[in-house]
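Asker: What follows is the residue order along each chain.
There are 2 protein chains.
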Amino acid sequence: MLDFSNGAAYVNEQFVPIAEAKISILDWGFLHSDATYDVAHVWKGKFFRLDDHIDRFVSGIDKLHMSIRHKRGDLRSILIDCVKKSGLQDAYVEMICTRGMPKPGSRDPRECTNRFFAFAIPFVWIANPEKQKKGLHLIVSRLQRIPPESVDPAVKNYHWLDMVMGLFEAYDRGGETAVVVDVQGNLIEGPGFNIFAVKDRTITTPARGVLEGITRRTAIEIATDHGYEVIQHNLAADDARTADEVFATSTAGGIMPITKIDGRTISSGIPGSVTQELQKRYWRLHEDPHYTFNVDYD
Amino acid sequence: MLDFSNGAAYVNEQFVPIAEAKISILDWGFLHSDATYDVAHVWKGKFFRLDDHIDRFVSGIDKLHMSIRHKRGDLRSILIDCVKKSGLQDAYVEMICTRGMPKPGSRDPRECTNRFFAFAIPFVWIANPEKQKKGLHLIVSRLQRIPPESVDPAVKNYHWLDMVMGLFEAYDRGGETAVVVDVQGNLIEGPGFNIFAVKDRTITTPARGVLEGITRRTAIEIATDHGYEVIQHNLAADDARTADEVFATSTAGGIMPITKIDGRTISSGIPGSVTQELQKRYWRLHEDPHYTFNVDYD
Numbered sequence: 014m015l016d017f018s019n020g021a022a023y024v025n026e027q028f029v030p031i032a033e034a035k036i037s038i039l040d041w042g043f044l045h046s047d048a049t050y051d052v053a054h055v056w057k058g059k060f061f062r063l064d065d066h067i068d069r070f071v072s073g074i075d076k077l078h079m080s081i082r083h084k085r086g087d088l089r090s091i092l093i094d095c096v097k098k099s100g101l102q103d104a105y106v107e108m109i110c111t112r113g114m115p116k117p118g119s120r121d122p123r124e125c126t127n128r129f130f131a132f133a134i135p136f137v138w139i140a141n142p143e144k145q146k147k148g149l150h151l152i153v154s155r156l157q158r159i160p161p162e163s164v165d166p167a168v169k170n171y172h173w174l175d176m177v178m179g180l181f182e183a184y185d186r187g188g189e190t191a192v193v194v195d196v197q198g199n200l201i202e203g204p205g206f207n208i209f210a211v212k213d214r215t216i217t218t219p220a221r222g223v224l225e226g227i228t229r230r231t232a233i234e235i236a237t238d239h240g241y242e243v244i245q246h247n248l249a250a251d252d253a254r255t256a257d258e259v260f261a262t263s264t265a266g267g268i269m270p271i272t273k274i275d276g277r278t279i280s281s282g283i284p285g286s287v288t289q290e291l292q293k294r295y296w297r298l299h300e301d302p303h304y305t306f307n308v309d310y311d
Numbered sequence: 014m015l016d017f018s019n020g021a022a023y024v025n026e027q028f029v030p031i032a033e034a035k036i037s038i039l040d041w042g043f044l045h046s047d048a049t050y051d052v053a054h055v056w057k058g059k060f061f062r063l064d065d066h067i068d069r070f071v072s073g074i075d076k077l078h079m080s081i082r083h084k085r086g087d088l089r090s091i092l093i094d095c096v097k098k099s100g101l102q103d104a105y106v107e108m109i110c111t112r113g114m115p116k117p118g119s120r121d122p123r124e125c126t127n128r129f130f131a132f133a134i135p136f137v138w139i140a141n142p143e144k145q146k147k148g149l150h151l152i153v154s155r156l157q158r159i160p161p162e163s164v165d166p167a168v169k170n171y172h173w174l175d176m177v178m179g180l181f182e183a184y185d186r187g188g189e190t191a192v193v194v195d196v197q198g199n200l201i202e203g204p205g206f207n208i209f210a211v212k213d214r215t216i217t218t219p220a221r222g223v224l225e226g227i228t229r230r231t232a233i234e235i236a237t238d239h240g241y242e243v244i245q246h247n248l249a250a251d252d253a254r255t256a257d258e259v260f261a262t263s264t265a266g267g268i269m270p271i272t273k274i275d276g277r278t279i280s281s282g283i284p285g286s287v288t289q290e291l292q293k294r295y296w297r298l299h300e301d302p303h304y305t306f307n308v309d310y311d
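If you read the protein sequences in the order shown, they are chains R and Y.
So the first sequence is residues 14 to 311, counted in the working numbering.
So the second sequence is residues 14 to 311, counted in the working numbering.
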């Protein structure tokens with residue numbers, strides 16, 4: 014009997030324990046980071062907005078000129094089965110499509126057979142609930158996010174070295190996480206999260222060069238529904254520093270307060286009321302059958 | 014008895030046939046393309062400039078704040094052993110360092126154990142000798158190379174989606190390969206190669222935002238030694254189009270003539286005399302003990 018309790022993966026058309034989930038070292042998904050992916054989550058036994066994640070994933074596969082034999086319904090079943098096998102009530106669920114391997118000697122991506130992988134592991138937090146009570150200390154990195162003229166950010170991708178090096182810069186400067194910028198110094202995004210600033214009843218989030226995150230979309234929907242004006246436009250670092258509140262959004266943690274930027278506190282330095290209201294409503298949506306469905310664990 | 018004839022890899026401190034060389038799906042080398050690598054080659058049983066490749070690789074590991082327990086001499090031995098085990102006389106030899114896996118639940122790259130991988134497979138050509146007689150048809154992509162403000166190109170990395178999408182653009186437009194540009198439209202580099210243009214006795218190659226390729230360096234050294242002026246500076250697409258000769262350099266093929274850009278022939282449309290002279294001298298260096306050493310096959 015295989016032990017899936019640390020997570021379950023779908024690799025080579027089979028379900029395997031996460032520790033056995035491996036990819037060929039020659040797959041261009043690794044050697045050229047020629048891949049797209051998406052991450053959905055399960056919370057208290059319910060999948061959240063899974064179809065929206067699958068939509069974005071399928072669109073990314075298409076934009077990269079890839080194709081896989083699995084239809085949307087197959088993807089859905091495989092992801093659900095990964096969670097069921099793991100038994101995890103709170104899970105981080107990733108789906109991946111890689112270019113695959115070329116024929117020996119070939120350098121032509123059209124000659125590769127694209128490959129699908131998936132896995133469910135215990136839920137991962139960018140900031141756990143304890144940390145979220147205090148809020149995160151964000152560093153504005155000197156590094157620029159890879160621009161949309163190079164890599165289409167609408168295709169969720171693994172090109173993260175800018176953000177990884179931004180993280181090391183943040184640690185050096187006493188911070189906990191980083192946001193990378195555009196050529197004008199506007200904030201773009203951090204490692205796995207989008208960013209928002211609240212001023213009076215207006216909420217601003219960067220529009221250009223960012224991943225169109227599902228949690229970002231959820232936050233925009235909740236805020237708009239509750240009477241806030243949400244502006245998708247450039248967000249200058251100084252506008253974030255002088256905002257009433259700043260927060261990050263991610264599948265890996267939801268809506269997370271940022272209470273310090275570059276060593277200076279935002280406003281009073283504690284998570285703000287707008288952020289807390291959106292947080293509460295975000296987690297409440299996890300009970301809403303319009304956004305969720307139950308995983309039918311055996 | 015293991016069969017290494019298709020290639021040999023070093024994974025988890027063991028030598029395995031290339032078909033068994035796998036990396037965990039959770040390694041951030043894959044999931045964040047958080048890795049650096051280098052590729053050396055063996056030609057007619059001799060390694061070419063291996064120490065220069067190891068120098069660059071070790072420097073990249075350091076710049077990414079990674080460390081591995083293998084010393085330079087260990088790396089050298091492992092790479093040589095991959096080639097010996099494979100028995101390949103002409104080989105493409107890759108060394109890789111990945112961030113590795115985080116502790117469960119962690120998002121902190123400092124908590125990962127970095128990992129070293131290596132493999133030797135049959136020599137791979139961007140353009141094989143037959144193709145090189147005719148020359149390549151290059152397309153100037155509309156995509157921009159990931160800029161140095163985002164990712165340091167001196168750290169050889171797998172952030173290739175710009176170049177992969179450039180290749181698809183090239184195929185659509187009737188070409189064989191692509192070069193991506195900078196924000197001003199200057200040529201930068203292609204998938205795995207640097208680019209050079211020859212005008213009279215002056216040779217220009219881009220300086221900023223490019224990988225400092227070992228074959229690029231070799232071409233510069235050969236050309237300088239033989240009386241050409243080599244300028245490392247911006248190379249506008251139109252300057253390449255109106256050059257006497259254009260060529261690409263890569264470990265995967267050496268010095269390779271480009272005879273057509275965007276459907277128009279360069280000069281007379283056949284590989285030029287300067288390119289051919291440099292090619293000849295490049296391959297002659299593969300006999301020179303200053304640049305090579307024999308692999309001691311069993």
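Please keep in mind that the hints were generated in silico from the structure rather than gathered at the bench.
Just so you know, not all the hints are guaranteed correct.
Put simply, identical chains are the same to the list, so a pair is met inside one copy or across any two.
[To be verified] In silico DSS-like cross-links for lysine-lysine, where the CA-CA straight-line distance does not exceed 25 Å:
no., residue 1, residue 2
1, K144, K57
2, K116, K147
3, K76, K59
4, K116, K97
5, K144, K97
6, K59, K212
7, K144, K84
8, K116, K146
9, K59, K273
10, K169, K293
Source: prediction; values computed, not measured.
Asker: Evaluate K169 and K293 at a C-alpha cut-off of 25 Å and name the case that applies: within, between, both or neither.
Answerer: neither (27 Å within a copy, 44 Å between copies)
Asker: Taking 25 Å as the upper bound on the Cα-Cα distance, should K76 and K59 be classified as within, between, both, or neither?
Answerer: Result: close neither inside a copy nor across copies, 30 Å intra and 42 Å inter.
Asker: Go through the copies and call it for K59 and K212: within, between, both or neither, with a Cα cutoff of 25 Å.
Answerer: Neither, since 34 Å and 65 Å both go past 25 Å.
Asker: Could you figure out if K144 and K97 sit no more than 25 Å apart (CA to CA) within one copy, between two copies, both or neither?
Answerer: Neither. Shortest intra-copy (29 Å) and inter-copy (52 Å) distances fail the 25 Å Cα cut-off.
Asker: Up to 25 Å between alpha-carbons, please classify K144 paired with K84: within, between, both or neither.
Answerer: Neither: 39 Å inside a copy, 39 Å across copies.
Asker: For the identical chains here, do K116 and K97 meet the 25 Å Cα criterion within one copy, between copies, both, or neither?
Answerer: between (36 Å within a copy, 23 Å between copies)
Asker: One pair to classify: K144 and K57, alpha carbons no more than 25 Å apart. Within, between, both, or neither?
Answerer: For K144 and K57, only the intra-copy Cα distance (20 Å) is at most 25 Å; the inter-copy one is 59 Å.
Asker: When no copy is specified for K116 and K147, does a C-alpha distance of 25 Å or less occur within a copy, between copies, both, or neither?
Answerer: between (52 Å within a copy, 23 Å between copies)
Asker: Which holds for K59 with K273 at a C-alpha limit of 25 Å: within a copy, between copies, both or neither?
Answerer: Classified as neither; 33 Å inside a copy, 56 Å across copies.
Asker: Cα distance capped at 25 Å. Does K116 pair with K146 within a copy, between copies, both, or neither?
Answerer: between (52 Å within a copy, 23 Å between copies)
In summary, the structure is inconsistent with hints 3, 5, 6, 7, 9 and 10 from the numbered list given earlier, while agreeing with the others.
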